[in-house]
Amino acid sequence: MATQHSRAAARFMIAPSVVLLLAWMLIPLGMTIWFSLLRYNLLMPGDNPFVGFENYSYFLTDPAFQTAIVNTLLLVGGILLITVCGGIGLAVLLDQPMWGTGIVRIMVISPFFVMPTVSALVWKNMFMNPVNGLFAYVAGVLGLPAFDFLTAAPLASIIGIVSWQWLPFATLILLTAMQSLDSEQLEAAEIDGASAWSRFYYIKLPHLARAITVVVLIQTIFLLSIFAEIYVTTAGGPGNASINLTYLVFQESLQRYDVGTASAGGVVAIILANIVAIFLMRMIGKNLDA
Amino acid sequence: MTTTRALLGSAAGLGLAAGLATAATAAELTVATVNNGDMIRMQELSSRWEEETGNTINWVVLEENTLRQRVTQDIATGGGQFDVLTIGNYEVPIWAEQDWLAPLDNLPDDYNVDDILPSIREALSVDGTLYALPFYGESAMVMYRSDLAEEAGVEIPDSPTWSEIRTAAEAMTDTESGTYGICLRGKPGWGENMAFLTAMANSYGARWFDTDWQAQFDSEEWQATLTDYLEMMNEYGPPGAAANGFNENLSLFQQGKCGIWIDATVAASFVTDPEDSQVADGVEFAQFPNREGVDNHGNWLWSWNLAIPASSEQVDVATDFITWATSQEYTQMVAEDEGWRAAPPGTRTSLYENSDYQEAAPFAEMTLQSMNAVDTQSPSVQETPYTGAQFVAIPEFQGIGTAVGQQFSAALAGQVDASQALDNAQRSTQREIDRAGYTSN
Amino acid sequence: MARAVPNSVKARNTAIAWIIAILIFFPILWTILTSFKTEGAAIADPPVFLFFDWTMENYTTVQERSDYFGHFMNSVIISVGSTVLGLAIAIPAAWAMAFVPGRQTKNVLMWMLSTKMLPPVGVLVPIYLIFRDWGLLDTRVGLVIVLTLINLPIIVWMLYTYFREIPSDILEAARMDGATLQSEVIHVLLPMAVPGIASTLLLNIILAWNEAFWTLNLVAANAAPLTAFIASYSSPEGLFYAKLSAASTMAIAPILIMGWFSQKQLVRGLTFGAVK
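Residue numbers (the numbering used here), protein chains in the order written: chain Z, 1 to 290; chain U, 291 to 731; chain L, 732 to 1007.
The set of hints was computed from the structure by calculation and includes no laboratory data.
Be careful, since some hints might not be right.
[Stated by the list, open to error] Here are some of the chain Z residues that sit facing chain L, going by a computed Cβ distance under 7 Å: (1) Val114; (2) Val259; (3) Asn274.
Note that the Cβ used here is the ideal one computed from N, Cα and C, for glycine as well.
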């Protein structure tokens, strides 16, 4: 089927996407790399002298840099763990026969439609607030002291909020994969006396491998640049406890208006994101070929 | 698929309608402003200006930090998206120096420039030229519950010292019933906890930098400021204080959970508003405290101002609008609609001489006294290389102040101790200021 | 699951599923309820669940203060526009990749996805400058372009995984029957591709609707969508939970309702070729 002719046609069809993305990638990226070599602060206009790698060394030696890297990985890892495990659990549950499947499913997927800013505002003010929040009220009823989520466990709180937003996505994909499983196979296993757990572990879970890969891949792309949730809830604090790489770059670009350093940070973030991507591909890419 | 098609169809139809509706007419101003109550009122009232002049206003109303980022980005890159900006007195001189703002030297006579409070006028002028008009202004003062003070048997004088405040906070605290002696800002940010802590440090005789631009967090004054702040908040403050900013404290105070709250003077009109505040009747006011022997009451001065970007193509119309919105007539209009207590405070002497206002606003006198006590030229009793107030008037302060604020907020949350926080603050501040080139000359 | 299941098991499943679903949905429900309270009732201690004086006051206030419909229209135009444009560009590409895979196909795909990892904050200034020079600031066209480019990799990838599942034997068979290329596409491939395209479309409308960095930073008054509308209600002086809830409900309601109605469609295409 792959004749010379169809190959040429294929190239022609792919070209618009590639050219556009190449332009989108190269023009801002080119400018970003160029800016990252300049001393360029928006608040201090004038000539922007070439300073070589000074911005990079300044960004990389920022005391918050290491924390930001660790936090970025913790955020991605923590949220992936929760959403994938929770998603599998929910998928198994929703796959069971029950009354009102439609409504249950609608309720479960709803958080995915909520804007990140809105969900952060709602969680912060109406649930996690140690004085007015619902959690504090529940703690009070149970006779416990109010737990100050965003101060005492900022990173975990953000992981919780973002997991809530992405759990529906994981559930949806895993559920559709689950439903595509051949039920005869399961029944055969049941007749052979396989326990519910071993049916899950030996039949369902392997079947889900590819869907899990998809969830991990897509979510990682979005989770590496979590921003709105941090901006609204903790602003990276207390201290640097909940800062991630995107937020650190934001501080340079929109709080210090230091375009040079922000650009250097942007380049560093792109490099690191690609390392993660390559790593991810190595680890789970095989699943996609199956 | 039918859903999708219907969706697309209706989207296209409505899109066309929206396109037709926005056909341009007379002068159109784009005004960027903060979502604070006074500005929202301005947004409502400005329909009268639109009717009078036939011009229209497109509003961009954003939360404070987002607005600041948005307009700074735009003006610094020459994006030209706005005709009127709402900016603070921190930005005005810095932006005026860059020639980003249109000078306001041709104001109409009836605008009565001399009526503007001297401290505010000075803060908005560069070399004697005004670059922005004040919409409302504030200093900081002590607000406290007189009923609680009486019950606890303490008295707060008109001009208290920090140790008097501390004694009173201790006496008013009743954790059992959820009453906390003192509420102060703890949320990190140069305009949040650092506004308060810089003012408090000023009143302790501390300064950010010595005359050689060396950071001063290792000084005795800063240590005393931070340890006293932490001790007061840990012992008599509400839980979760490290996340409390102006809004959170306002709400706590309005719900009767705070004995003392030291913050911006504009809060006075909110806490005495019987509609929103459960403690409206029993609030008393005192001057911002000082440390014994230090003649400094914090030097807190903030104003939200309307300014015009130099790049605006409609400077004349924009000037007409900002003079309208900051005029005595505007104040009169608000007073007629909403009562005198709601008049935008802190900008004009005439307001404080108005007997109706004095009567309606029990906080008027203390507000005026606090604002007049401010000296933005020398914020600390020690000599400084900078001017400012509850901030240091250099462009780098937003970044530096926020970084330090994070450290102090972490100290309040108990994640680092005071000396560690001061060490970190010292190091990060010096690192920034060295890089910016202040110390090299 | 064709077998009969004892009702007791079904009841147990139902109970567990409902409890979990209600817990997950609760924050949204609470927001909606709060939007009908007065500001006082919104922060009442103890919290009131249903028995409060229901009021529409917050919605009227929000409507008076901001041009909800204008923001809403901008959101619709921007999210639908960018998705449709993205699909128009992506369908041929994904098609070609799926049916005429070359040695580089996988790498090209991965490279496309990696462009999504460009942190927006890092490239804001370059994009702002380009937009300024091309007169795209505060225009819907500008936002459509940006969001198309941002979501293009996801669109291409989703379509690719979907198209790949269309068995090529069917094509062979159709060709044997003497179908022309045109009728092959219209009668054989398109019907099979529609569910995948539809769910890609839905997913991308959701992503574009909720995008809150570019839609906030590249607009002023004219093209501002609902994300900017929300930014005018977060943290004003004083706490206004009820008004914030009303504004939040207004901002998420359209997409929530669309999501609910198109749920089945979304699920069908979301299989990403996991169906075997």
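Does Val259(Z) meet its interface restraint, that is, does its C-beta lie within less than 7 Å of any C-beta in chain L? Holds: closest Cβ of chain L sits about 5 Å from Val259(Z), inside 7 Å.
For the hint on Val114(Z), does the least C-beta distance to chain L fall short of 7 Å? Because about 5 Å separates Val114(Z) from the closest Cβ in chain L, which is inside the 7 Å limit, the hint holds.
Please verify that hint: Asn274(Z), Cβ, nearest Cβ of chain L, below 7 Å or not. With a minimum Cβ separation of about 6 Å from chain L (threshold 7 Å), the hint on Asn274(Z) holds.
Hint violations for this structure: none, all hints satisfied.
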